[in-house]
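Trainee: Residue numbers (the UniProt record's numbering): 1 to 149.
The hints are simulated quantities; they were obtained by calculation from the structure and are not laboratory data.
Hints are supplied without guarantee of correctness; some may be wrong.
Below, a list of computed lysine to aspartate or glutamate pairs in the EDC-like style, where the Cα atoms sit at most 16 angstroms apart [unchecked claim]:
(1) Lys52 - Glu68
(2) Lys32 - Glu5
(3) Lys103 - Glu122
(4) Lys103 - Glu132
(5) Lys103 - Asp86
What follows is a set of in silico ranges between Cβ atoms, one per label pair, in the way DEER data are often shown [unchecked claim]:
(6) Asp98 - Ile8: 26 to 36 angstroms
(7) Lys38 - Asp115: 35 to 45 angstroms
(8) Asp79 - Gln104: 40 to 50 angstroms
(9) Asp4 - Leu117: 23 to 33 angstroms
(10) Ile8 - Phe67: 17 to 27 angstroms
Just so we're clear, the structure is a prediction, and the values are computed from it rather than from any experiment.
Even for Gly, the Cβ is constructed at its ideal location relative to N, Cα and C.
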Amino acid sequence: MSHDELFIMNKVLNEYDFPPLELLHFILLQMKLARHYKGEFRITKRGTALLKSPAALFTAVIPFFLFEIDHATYSRFKDGPVGNWDVWLNVLNIEVEDGASIKQLYEVLYGVAPDDLSGWREINAFQSCVLEPLCWATCRSRSRAATNR
């Protein structure tokens, strides 16, 4: 959903609707692309060099963001999905070509998705720890048609 669509439905947005700014701050510090200096947050020489080449910035930041960050810490229940990025990316590479809902992707990876209330946490963990980071990294796009299938 876009910012405008979220504001139409909600007067107040929750932090999990958008990637946390704290996460961006953490990535910039860990990768030494920025630092704190005399009460300011400044871009380092390495960060400035990467800013001149968006492709180089993407190549440096996105693998760190996807593979080094524990995305379960930013999910609602702190439960991450079972699996690893090698498996998830290989399956997603094949399955999303024709469009697939979150439930369909979950079923390909983990078997039949539970229809009762007991299984929604596993599906939510998969969405918030795998699919959302891929959206934030612009490696996957959201589609209402695929979501509603």
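Trainee: A separate judgement is required for each hint: does it hold in the structure or not?
Mentor: How the hints compare with the structure:
no.	hint	result
1	Lys52 - Glu68	violated (24 angstroms)
2	Lys32 - Glu5	violated (35 angstroms)
3	Lys103 - Glu122	holds (11 angstroms)
4	Lys103 - Glu132	holds (14 angstroms)
5	Lys103 - Asp86	violated (20 angstroms)
6	Asp98 - Ile8: 26 to 36 angstroms	holds (30 angstroms)
7	Lys38 - Asp115: 35 to 45 angstroms	violated (57 angstroms)
8	Asp79 - Gln104: 40 to 50 angstroms	violated (21 angstroms)
9	Asp4 - Leu117: 23 to 33 angstroms	holds (31 angstroms)
10	Ile8 - Phe67: 17 to 27 angstroms	violated (35 angstroms)
The structure is inconsistent with the numbered hints 1, 2, 5, 7, 8 and 10, although it conforms to all the rest.
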